[in-house]
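Protein chains: 2
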Amino acid sequence: MSDNTIISTRIRLARNVDGLPFPHKLNELGARQITDGVERALSGVSRFTRYDMNGISRLDGTILQEKHLISPDLLTDSRFGSVLIGADETASVMVNEEDHIREQVILPGLSLDAAYERIQKIDDAIASNMKLAFSPRYGYLTSCVTNLGTGMRASVMMFLPGLTLKKLIDACITDVGRLNMTVRGVYGEGSEAEGYLYQISNQRTLGVTEREILDSVGGAINHIVDAENRARGLLLRNETELKDKIYRAYGLATNAYKLSTAEAMYVLAMIRLGAYYGYINVNNVDALTDLTTRCRPANMQKLSGKNLSIEERDVLRAKFLSANIKSLAQKSE
Amino acid sequence: MSDNTIISTRIRLARNVDGLPFPHKLNELGARQITDGVERALSGVSRFTRYDMNGISRLDGTILQEKHLISPDLLTDSRFGSVLIGADETASVMVNEEDHIREQVILPGLSLDAAYERIQKIDDAIASNMKLAFSPRYGYLTSCVTNLGTGMRASVMMFLPGLTLKKLIDACITDVGRLNMTVRGVYGEGSEAEGYLYQISNQRTLGVTEREILDSVGGAINHIVDAENRARGLLLRNETELKDKIYRAYGLATNAYKLSTAEAMYVLAMIRLGAYYGYINVNNVDALTDLTTRCRPANMQKLSGKNLSIEERDVLRAKFLSANIKSLAQKSE
Chain A
8 MSDNTIISTR IRLARNVDGL PFPHKLNELG ARQITDGVER ALSGVSRFTR YDMNGISRLD
68 GTILQEKHLI SPDLLTDSRF GSVLIGADET ASVMVNEEDH IREQVILPGL SLDAAYERIQ
128 KIDDAIASNM KLAFSPRYGY LTSCVTNLGT GMRASVMMFL PGLTLKKLID ACITDVGRLN
188 MTVRGVYGEG SEAEGYLYQI SNQRTLGVTE REILDSVGGA INHIVDAENR ARGLLLRNET
248 ELKDKIYRAY GLATNAYKLS TAEAMYVLAM IRLGAYYGYI NVNNVDALTD LTTRCRPANM
308 QKLSGKNLSI EERDVLRAKF LSANIKSLAQ KSE
Chain B
8 MSDNTIISTR IRLARNVDGL PFPHKLNELG ARQITDGVER ALSGVSRFTR YDMNGISRLD
68 GTILQEKHLI SPDLLTDSRF GSVLIGADET ASVMVNEEDH IREQVILPGL SLDAAYERIQ
128 KIDDAIASNM KLAFSPRYGY LTSCVTNLGT GMRASVMMFL PGLTLKKLID ACITDVGRLN
188 MTVRGVYGEG SEAEGYLYQI SNQRTLGVTE REILDSVGGA INHIVDAENR ARGLLLRNET
248 ELKDKIYRAY GLATNAYKLS TAEAMYVLAM IRLGAYYGYI NVNNVDALTD LTTRCRPANM
308 QKLSGKNLSI EERDVLRAKF LSANIKSLAQ KSE
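As you go down the protein sequences, you meet chains A and B in turn. Quick note: the first sequence, position 292, residue 299 per this note's numbering, numbers continuous. Quick note: the second sequence, position 22, residue 29 per this note's numbering, numbers continuous.
Simulated from the structure, these hints should not be mistaken for lab results. The structure displayed is predicted, hence computed values, not measured ones. You may find that some hints are simply not true.
As the list claims (entries may be wrong) - Below, computed lysine-lysine pairings styled on BS3-like, alpha-carbon distance capped at 25 Å: (1) B:174 / A:333; (2) A:338 / B:309; (3) A:338 / B:326; (4) A:250 / B:326; (5) B:250 / A:333; (6) A:313 / B:333; (7) A:252 / B:250; (8) A:252 / B:74; (9) A:252 / B:326; (10) B:252 / A:326; (11) B:333 / A:338; (12) B:174 / A:252.
Claimed, not checked - Partner residues aside, some chain A positions facing chain B, computed with beta carbon under 7 Å: (13) 54; (14) 217; (15) 255; (16) 262; (17) 263.
To be verified - Label pairs and their calculated CB-CB ranges: (18) A:340 / B:290: 52 to 60 Å; (19) B:95 / A:241: 25 to 33 Å; (20) B:285 / A:290: 47 to 55 Å; (21) A:174 / B:185: 53 to 61 Å; (22) A:174 / B:339: 39 to 47 Å.
The C-beta atom is built at its ideal place from N, Cα and C for all residues, glycine as well.
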């Protein structure tokens, strides 16, 4: 069942170049020097495409952000920010965001070791081309102390509708907090995470090894998967209600004339949950996951190829989702 | 367009037998005398089936009520109440409800004259078999003064989603009140009539002729049809919203795992409205109208053939409506 609960694994490493001020104090020359250095280093790993934030359209930048390849800050706050993106978009390196260098690898499912292996290759290439700021006492030096030491954040994106709907998510967050993990909603600011998607990541980066971080995140994830599965069992106590909720969401997804992003996230989540219970047959779960990105505002805008009002975008989203969901997922009765 | 706005026409005549106390003071012998007399009289008109409220199950009684063939009062408050129902259920005669005799004819669409013609045959048959209480000064004597005179209530059931959704229904009710007409929701007690169904009927029965009543009701109906059509035009000003509302209702009707009666009334209303705008193709409007009765609680109970909890009934209703609507109505895109 864990493939229904775990969406993806992400590891990122924060690095800075020795002898240069942190990005918020960095001048254009220094910034370019770092970007060029990273580009050169990565050319030895595989094919990366570089996007400078100064030269990218707002729309294309937002699309990268919706794909989690860059942070919102790189797009709006960095003065000389760039990103280098690998061919299959699993690896990316942000330059001159909060730190000089932010390496990132995202892999589907629970893939902590595989992601770490991949990011090490990137990190090795960069470290052998540029002198990184490293203290024998503290480890990697970072712009913000919360990243000091390993500079590593290992995150797992989880789908937790059971814990959310049964109002057990807060207790779970507290539990996991004791293990030095942070849980936050991936989308949305409200009390309920949009699409029931949460990011679980290590809080500590200092005084622990990379291996210890990976193990503690892995342990926390196992704990949450168990809790989520128990919560999904509890939802079955009122199966009529549950089935109705899921079928109505399917009806909304395949019939609405317009759909907001939040509604799209909701119906996709309910269909994914329906697949877990066997109420909905989903023939391609990865494609379903992709839709959570493809239906976001900038992606919709790009799909249409022209400027759309919010209402027009909502109409396009409904059409787009309806067609995709009809071919991906069918009610099992 | 009026066939989308006007559901049915109903005429009823209140009559009492001379020399016998009104039903609330009537003993069993007197009551049976009237019932037998009416049954005999109607046997000369066509085949009527008699149901005594004392001998009918609560479920069957409620089904008659849901079909508007008897009043709730006949079922719960009358001591010796009966009803005689014609073969196609367009004509029915309640006995010993508030008055000794309540004749009723219901026809589809706007059929004031046709309904009056049919009820006259029934009334003539009864009048020639039984001596009715009639005063040369006042006309027919009735248990309640509001029915005195003609004893006639001519009602038209109308579908008024435009006026309701545009919040113009109250103004319309006031307008029509000046014409001595009463407007009330057919179903539901809340501020919005369930299914946007309203009954428009004459208030005055005394000091007017039957012809005058028919003409004044007909005039009021024309006025309301015009107002409703204008309101439906106003709804088109936000067509995206309108289309979305209708398509979502269709999605709910064809996907929900359970549906309450109120929700069923809502989706049927929206599909009917969708047919008006051409968003939904309905191949049998009368069958759609019938569903508003067939999905009501007692009808559902009867369909299942066994005792159902409310939840089981809601599940059955969703299944029943979904199957029927899929065959009756398709989205036009």
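Structure-based check of each hint:
Proposed proximity of residue 174 of chain B and residue 333 of chain A is contradicted: the alpha carbons are some 37 Å apart, above 25 Å. A distance of roughly 28 Å separates the Cα atoms of residue 338 of chain A and residue 309 of chain B; the hinted pair therefore is violated under the 25 Å criterion. Distance restraint check for residue 338 of chain A and residue 326 of chain B: the Cα-Cα separation of roughly 14 Å lies within the 25 Å cut-off, and the hinted pair is therefore satisfied. Pair hint residue 250 of chain A plus residue 326 of chain B holds up; C-alpha atoms about 13 Å apart against a cutoff of 25 Å.
For the hint linking residue 250 of chain B to residue 333 of chain A, the alpha-carbon distance of about 20 Å falls within 25 Å, and the restraint holds. Among the hinted pairs, residue 313 of chain A with residue 333 of chain B is inconsistent with the structure: their alpha-carbon atoms are about 36 Å apart, more than 25 Å. For a cut-off of 25 Å, the pair hint linking residue 252 of chain A to residue 250 of chain B stands: about 23 Å separates their Cα positions. A distance of roughly 31 Å separates the Cα atoms of residue 252 of chain A and residue 74 of chain B; the hinted pair therefore is violated under the 25 Å criterion.
Proximity of residue 252 of chain A to residue 326 of chain B is assessed by CA-CA distance (about 15 Å); at most 25 Å being required, the pair is judged to hold. The straight-line distance between the Cα atoms of residue 252 of chain B and residue 326 of chain A is roughly 15 Å, inside the 25 Å bound, and the hint therefore holds. Distance check on the hinted pair: residue 333 of chain B and residue 338 of chain A sit about 15 Å apart at the alpha-carbon level, within 25 Å; holds. The hinted pair formed by residue 174 of chain B and residue 252 of chain A fails the criterion: a straight-line CA distance of about 30 Å is larger than 25 Å.
Because the beta carbon of residue 54 of chain A sits about 43 Å from the nearest beta carbon in chain B, more than 7 Å, this interface hint is broken. At its closest, the beta carbon of residue 217 of chain A sits 48 Å from a beta carbon of chain B; the interface hint therefore is violated under the 7 Å criterion. Residue-level restraint check for residue 255 of chain A holds (minimum Cβ-Cβ distance to chain B is 5 Å; threshold 7 Å). For residue 262 of chain A, the shortest C-beta to C-beta distance to chain B is roughly 3 Å, which falls under 7 Å, so the interface hint holds.
Interface hint status for residue 263 of chain A: upheld, as the beta-carbon distance to the closest one in chain B is roughly 5 Å, under 7 Å. As the Cβ distance of residue 340 of chain A to residue 290 of chain B is approximately 25 Å, the hint placing it in 52 to 60 Å is violated. Distance hint for residue 95 of chain B and residue 241 of chain A: a CB-CB separation of about 52 Å, inconsistent with the stated range 25 to 33 Å. Here the CB-CB span from residue 285 of chain B to residue 290 of chain A is close to 34 Å, at odds with the stated 47 to 55 Å.
Between residue 174 of chain A and residue 185 of chain B the CB atoms are about 54 Å apart, so this pair conforms to the stated range of 53 to 61 Å. A hinted range of 39 to 47 Å holds for the C-beta pair residue 174 of chain A and residue 339 of chain B, which are about 42 Å apart.
When each numbered hint is compared with the structure, violations occur for hints 1, 2, 6, 8, 12, 13, 14, 18, 19, 20.
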